[in-house]
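Chains as they are written, first to last, in UniProt numbering: chain A, 1 to 334; chain B, 1 to 442; chain C, 1 to 336.
No lab work stands behind these hints, which were simulated from the structure alone.
Just to be clear, a hint being listed does not mean it is correct.
Calculated lysine-lysine pairs in the DSS-like style (CA-CA distance at most 25 Å, straight line) [what the hints assert, rightly or not]: (1) K435/B / K93/B; (2) K366/B / K66/C; (3) K215/A / K92/B; (4) K311/B / K116/A; (5) K227/A / K216/A; (6) K214/B / K24/B; (7) K215/A / K173/A; (8) K200/B / K124/B; (9) K441/B / K215/A; (10) K30/B / K124/B; (11) K116/A / K92/B; (12) K81/B / K210/A; (13) K81/B / K216/A; (14) K218/C / K3/B; (15) K92/B / K182/A; (16) K323/C / K393/B; (17) K3/B / K278/C; (18) K85/A / K173/A; (19) K210/A / K93/B; (20) K441/B / K64/A; (21) K7/B / K218/C; (22) K436/B / K182/A; (23) K366/B / K168/C; (24) K22/C / K254/B; (25) K216/A / K92/B; (26) K215/A / K81/B; (27) K92/B / K210/A; (28) K366/B / K277/C; (29) K249/B / K22/C; (30) K221/B / K182/A; (31) K93/B / K216/A; (32) K216/A / K311/B; (33) K70/C / K366/B; (34) K249/B / K323/C; (35) K254/B / K277/C; (36) K3/B / K66/C; (37) K435/B / K323/C; (38) K59/A / K393/B; (39) K366/B / K183/C.
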Amino acid sequence: MTDSVLYSVLLLASLGVVAAVVLYIVSKKFYVYENPLIGEVDEVLPGANCAGCGSPGCKSFAEKLVNTEDISELFCPVGGNEVMKQVASILGKEVAEKAPTVAVVLCQGGCDVRPKTTEYQGPRSCAISSLVYGGETDCQYGCLGDGDCVAVCDFDAMYMDEETGLPVIDSDKCTSCGACVKACPRDIIEMRPKNKRDLKIFVGCLNEDKGGIAKKACDVACIGCSKCEDVCPKDAITMNNNLAYIDAELCTLCRKCVPVCPTHSIIETNFPPPKVKKVVEKKPIAKKPVAKKVLEKKVEEKKEVVKKEVEKVAVVKENVVATKVEPENPKTDA
Amino acid sequence: MLKTFPKGGIHPPENKITSGKEIKRMPVPKVVYVPIAQHIGIPSEIIVDRKDKVLKGQVIAKTSGFVSSNIHSPVAGTVTKLDMMIDSSGYKKQCIVIRTDQKDESNFEEKEYPLIREISLSQKDILQHVIDSGIVGLGGATFPSHVKLDLKNDNHVDCLLINGVECEPYLTADHRLMMEKADEIIVGIQILMHALHIKKAVIGIENNKKDAIKVLKEASKGDTGIQVAALQVKYPQGSEKQLIKAILKREVPKGGLPMDVGVIVHNVGTIFAIYQAVQYNEPLTERVVTVTGKKIENASNFWVKIGTPIKDLVEQVGGLPDGTRKIVNGGPMMGKAIKNTDVPVTKGTSGILVIDQNEASRGEPKNCIRCGECVFVCPMGLEPHLLMNLSEKGLYERASNEDIMTCIECGSCSYVCPSHRPLLDYIRFGKNIVKKLQTAKN
Amino acid sequence: MSAQSIIISASPHVHSDRTSKKLMYDVVIALIPAFLVSLYVFGIGAFIVTAAAVISCLLFEYLIQKFLLKSEVTIGDGSALITGLLLAFNLPSGIPIWMIVVGSLFAIGVGKLSFGGLGFNIFNPALIGRVFLLISFPIQMTTWPTAVENQTALADAVTGATPLGIIKEGLTFGGTMTDLASKIPSTLDMLLGVTGGSIGEMSAIALLIGGVYLLVRKVITWHIPVTMLVTMAVMTGIFWLVDSEHYANPLIHILSGGALLGAFFMATDLVTSPMTKKGMIIFAIGIGVITVVIRLFGAYPEGVSFAIIIMNAFVPLINTYFKPRRFGSKIKSKIV
Chain A
1 MTDSVLYSVL LLASLGVVAA VVLYIVSKKF YVYENPLIGE VDEVLPGANC
51 AGCGSPGCKS FAEKLVNTED ISELFCPVGG NEVMKQVASI LGKEVAEKAP
101 TVAVVLCQGG CDVRPKTTEY QGPRSCAISS LVYGGETDCQ YGCLGDGDCV
151 AVCDFDAMYM DEETGLPVID SDKCTSCGAC VKACPRDIIE MRPKNKRDLK
201 IFVGCLNEDK GGIAKKACDV ACIGCSKCED VCPKDAITMN NNLAYIDAEL
251 CTLCRKCVPV CPTHSIIETN FPPPKVKKVV EKKPIAKKPV AKKVLEKKVE
301 EKKEVVKKEV EKVAVVKENV VATKVEPENP KTDA
Chain B
1 MLKTFPKGGI HPPENKITSG KEIKRMPVPK VVYVPIAQHI GIPSEIIVDR
51 KDKVLKGQVI AKTSGFVSSN IHSPVAGTVT KLDMMIDSSG YKKQCIVIRT
101 DQKDESNFEE KEYPLIREIS LSQKDILQHV IDSGIVGLGG ATFPSHVKLD
151 LKNDNHVDCL LINGVECEPY LTADHRLMME KADEIIVGIQ ILMHALHIKK
201 AVIGIENNKK DAIKVLKEAS KGDTGIQVAA LQVKYPQGSE KQLIKAILKR
251 EVPKGGLPMD VGVIVHNVGT IFAIYQAVQY NEPLTERVVT VTGKKIENAS
301 NFWVKIGTPI KDLVEQVGGL PDGTRKIVNG GPMMGKAIKN TDVPVTKGTS
351 GILVIDQNEA SRGEPKNCIR CGECVFVCPM GLEPHLLMNL SEKGLYERAS
401 NEDIMTCIEC GSCSYVCPSH RPLLDYIRFG KNIVKKLQTA KN
Chain C
1 MSAQSIIISA SPHVHSDRTS KKLMYDVVIA LIPAFLVSLY VFGIGAFIVT
51 AAAVISCLLF EYLIQKFLLK SEVTIGDGSA LITGLLLAFN LPSGIPIWMI
101 VVGSLFAIGV GKLSFGGLGF NIFNPALIGR VFLLISFPIQ MTTWPTAVEN
151 QTALADAVTG ATPLGIIKEG LTFGGTMTDL ASKIPSTLDM LLGVTGGSIG
201 EMSAIALLIG GVYLLVRKVI TWHIPVTMLV TMAVMTGIFW LVDSEHYANP
251 LIHILSGGAL LGAFFMATDL VTSPMTKKGM IIFAIGIGVI TVVIRLFGAY
301 PEGVSFAIII MNAFVPLINT YFKPRRFGSK IKSKIV
């Protein structure tokens with residue numbers, strides 16, 4: 001009895017020793033030298049492996065950072081300037097500072113303003129349905145609504161609004177990795193500077209049709225009337241193919257263009273309501289609820305306490321004043 | 001045993017409702033919408049402007065490269081605008097809109113074209129006529145025909161195949177053309193044989209068109225170089241590669257062209273257009289279109305001017321029946337569903353098919369039960385279930401290794417799938433991405 | 001959007017009228033003759049076993065999908081029904097009902113749904129259930145009520161052995177085929193189904209009728225059943241020719257046991273068989289060889305279920321290595 005116990009113990013122990021020796025030899029023999037800096041850099045990178053930097057993952061980006069002489073071209077959109085500064089201090093190289101950006105959806109053609117004229121049958125994927133035709137509505141430039149962008153978002157920063165059928169981006173969660181921009185076959189999602197307090201003004205339309213046709217297909221389409229171009233004091237707005245575009249570099253966020261747009265296709269986000277003052281405290285802005293974009297209806301989500309409001313700047317202007325008041329309760333929405 | 005291609009294929013219900021209907025001439029439309037991208041390759045270049053008067057048969061958009069084609073005005077009239085119109089691709093494309101001049105007689109005269117048998121032009125002139133007349137493959141692929149005629153001298157092409165298969169259900173345009181223009185087609189073949197220095201030509205016709213086989217056999221009696229081959233009815237026999245395999249037992253190598261095995265394939269419609277171009281110098285401004293559907297009252301075949309809106313055609317057959325849910329430009333297997341009837345007829349429109357609720361809806365996709373049916377029917381020896389999976393998961397490299405690019409998009413796999421899986425949708429998507437990746441690599 | 005708006009979809013715009021549901025119900029129809037024979041032979045016992053297996057399979061599928069996986073319930077697609085039927089067909093008629101329920105749970109829960117449901121299972125669920133029961137309860141699973149006596153009264157079940165069991169036992173204890181000749185049923189009995197055995201493997205004729213129905217309806221192709229039976233016949237034939245005293249003749253092997261049931265209904269299961277014709281032939285040869293090896297040299301008298309399960313495991317590999325010949329590829333593949 002004791003013998004068999006002894007044998008088993010000895011056998012297992014010797015097996016363990018043999019295995020340990022083998023492992024040791026193998027690990028020495030096949031040791032691959034890796035620059036310890038790579039590990040250090042990898043440590044400070046966010047570890048999201050989102051490929052927003054252009055490398056397939058954080059580790060390979062770290063290798064690239066270490067091995068590249070001039071890294072001013074390289075940038076981690078998720079970590080932003082802070083992470084890049086840390087990387088710079090580890091590597092002793094110069095990094096360029098970039099203004100933080102955030103993804104915005106350049107289409108506000110929800111179901112109620114952009115009627116569906118046909119019905120699509122097939123796999124619900126924008127990439128596939130865009131091969132077949134221009135979409136269920138008469139606008140062939142706008143959102144297809146099949147949610148390829150939401151599917152690729154690694155950060156849970158997007159969801160499809162069921163009422164409008166459009167994607168909604170949560171600015172706070174958006175890391176501007178750019179996955180959605182690549183996924184969209186229509187190039188509807190654009191990276192725009194986040195600015196202070198996430199203030200943004202942009203044209204929420206990509207319709208290049210002539211005014212009448214565009215308007216017929218979608219109530220909130222840019223009809224190319226050039227009114228915004230005329231009113232802009234900084235020449236930040238350009239007209240191209242019946243479509244206005246606001247250059248974010250030149251735009252000073254003066255908001256003069258917003259009220260002149262006859263179809264309300266210019267979107268302003270996160271601006272305090274013009275008249276009601278002192279409603280929003282200054283600090284909690286970072287905690288702002290989802291919002292970002294125009295939606296036709298206020299989306300009420302979450303617990304009763306925190307009402308996330310989706311600004312609907314464009315369509316029903318008057319409502320903005322009323323709904324704007326809500327974000328004063330800055331609870332974290334995890 | 002009739003000839004056919006050995007691997008795969010399906011036999012959907014033929015539904016050739018209109019096979020006995022003579023080709024009628026459509027009344028000249030009031031307005032025509034002529035898209036400038038009617039062929040594979042580079043879109044033509046517009047050479048008319050608003051308010052220009054154009055004559056019937058005048059070039060309104062000229063070829064802008066080797067793989068491109070001239071486009072001629074189908075009517076005499078005035079260019080009212082250059083506009084964007086949805087065409088059968090589902091997207092807005094540049095169109096030339098011409099209002100027909102109701103007073104111009106050339107629009108309404110019924111020209112007679114007595115048969116001319118003598119081929120008087122030289123090889124070079126024939127080629128030039130084909131280029132000038134804007135002839136493209138009328139089987140549906142719309143590949144500019146002159147490209148297939150412009151062979152280098154060291155070619156080893158020894159056989160001309162004429163595609164009269166028309167394997168798509170419902171469509172009868174080619175069938176009727178063969179019935180009514182058999183002699184012209186034979187002369188057209190002789191023109192091509194002359195131009196290409198080929199001694200042998202075979203007309204491939206599926207056995208469900210026995211009358212056409214008979215008529216063409218009769219018409220080709222005098223020429224020993226031309227044979228008529230009756231083929232077993234099987235879809236997709238009208239695909240070039242399958243047709244060559246069926247008739248000549250030659251196999252076009254992967255990624256290759258029929259020329260690589262010494263064959264040139266032309267559709268019967270194209271042959272007739274070439275005949276018209278060479279013997280009468282008539283540009284390609286009209287074609288035969290089958291307008292059909294189970295519920296359509298007077299389904300028939302028509303000579304239609306290019307650019308005629310489909311709604312004019314539908315009117316001719318008694319209007320859209322109640323409960324129409326789908327309008328297809330082309331046949332049910334490879335045609336494209338169109339958004340509305342404003343879409344114009346182009347050189348590639350072989351039929352308009354109107355489908356009602358019952359047939360229009362796709363079944364709900366279910367789990368793949370791995371029955372292997374898609375593998376059995378694939379004429380290219382692919383594994384559609386696997387390709388769909390790879391495309392869906394984004395494994396494009398592997399999909400490319402599994403020969404996704406050789407898929408001819410015949411749709412046999414989607415047709416047979418008992419779980420109603422959208423196989424071809426995903427494969428087409430995968431092909432698209434793989435093509436992009438390949439061009440990016442080069 | 002009106003209900004009548006135009007539908008846009010990619011080609012093709014028509015579809016054959018075959019659906020997976022129809023395929024499944026065709027299999028069910030094909031099983032009916034064999035079921036009727038077993039009713040005639042075993043009486044009410046066969047009915048009870050079959051009903052218990054079918055009901056518990058459907059019930060477990062429903063419960064697991066509804067409450068455990070919280071996914072769409074797919075009991076209507078006919079696949080659980082087939083699993084139940086095939087499981088029952090592989091059981092002796094006297095088996096206690098609770099065992100059937102356990103077997104069904106294993107078949108549906110482990111054999112099918114744990115892999116992801118219809119289409120994702122690697123092994124034939126019914127066989128998983130059967131083998132599970134065979135290994136767990138070997139005595140009950142090999143207690144065969146004999147045919148004729150049992151027809152009237154289930155309670156007085158007299159147990160007997162299957163032809164294969166008789167041969168196995170006889171040969172193991174040094175007998176020869178000549179000694180055993182009187183004990184095993186005649187070929188005619190085996191054709192008609194008056195022997196001992198599982199519910200579904202009784203009558204060769206009934207199974208053949210079902211198999212031909214499946215072939216005619218194009219639910220299955222000839223490749224698997226024919227190759228499998230031919231392989232078995234050839235292998236057993238060789239042994240029989242070499243030593244006919246110690247090896248049974250091929251006819252006995254093919255007509256007895258689960259050979260026909262396996263060849264037509266279980267090896268051909270769409271989900272768990274290869275997807276190319278080449279692959280099917282390899283697969284079927286494998287089943288035939290393993291079956292014969294188990295029958296002649298293994299511990300069990302019957303080996304079809306084990307053989308099918310073993311070959312099921314090879315299917316992904318077969319699918320990877322035996323691809324259809326690509327159109328236009330130069331190299332001709334070696335296998336037909």
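Evaluation of the provided hints:
no.	hint	verdict
1	K435/B / K93/B	22 Å, holds
2	K366/B / K66/C	18 Å, holds
3	K215/A / K92/B	16 Å, holds
4	K311/B / K116/A	21 Å, holds
5	K227/A / K216/A	19 Å, holds
6	K214/B / K24/B	22 Å, holds
7	K215/A / K173/A	33 Å, violated
8	K200/B / K124/B	20 Å, holds
9	K441/B / K215/A	41 Å, violated
10	K30/B / K124/B	38 Å, violated
11	K116/A / K92/B	17 Å, holds
12	K81/B / K210/A	14 Å, holds
13	K81/B / K216/A	20 Å, holds
14	K218/C / K3/B	23 Å, holds
15	K92/B / K182/A	23 Å, holds
16	K323/C / K393/B	21 Å, holds
17	K3/B / K278/C	24 Å, holds
18	K85/A / K173/A	21 Å, holds
19	K210/A / K93/B	14 Å, holds
20	K441/B / K64/A	22 Å, holds
21	K7/B / K218/C	17 Å, holds
22	K436/B / K182/A	14 Å, holds
23	K366/B / K168/C	45 Å, violated
24	K22/C / K254/B	37 Å, violated
25	K216/A / K92/B	15 Å, holds
26	K215/A / K81/B	20 Å, holds
27	K92/B / K210/A	12 Å, holds
28	K366/B / K277/C	24 Å, holds
29	K249/B / K22/C	37 Å, violated
30	K221/B / K182/A	61 Å, violated
31	K93/B / K216/A	18 Å, holds
32	K216/A / K311/B	21 Å, holds
33	K70/C / K366/B	17 Å, holds
34	K249/B / K323/C	22 Å, holds
35	K254/B / K277/C	22 Å, holds
36	K3/B / K66/C	53 Å, violated
37	K435/B / K323/C	23 Å, holds
38	K59/A / K393/B	23 Å, holds
39	K366/B / K183/C	51 Å, violated
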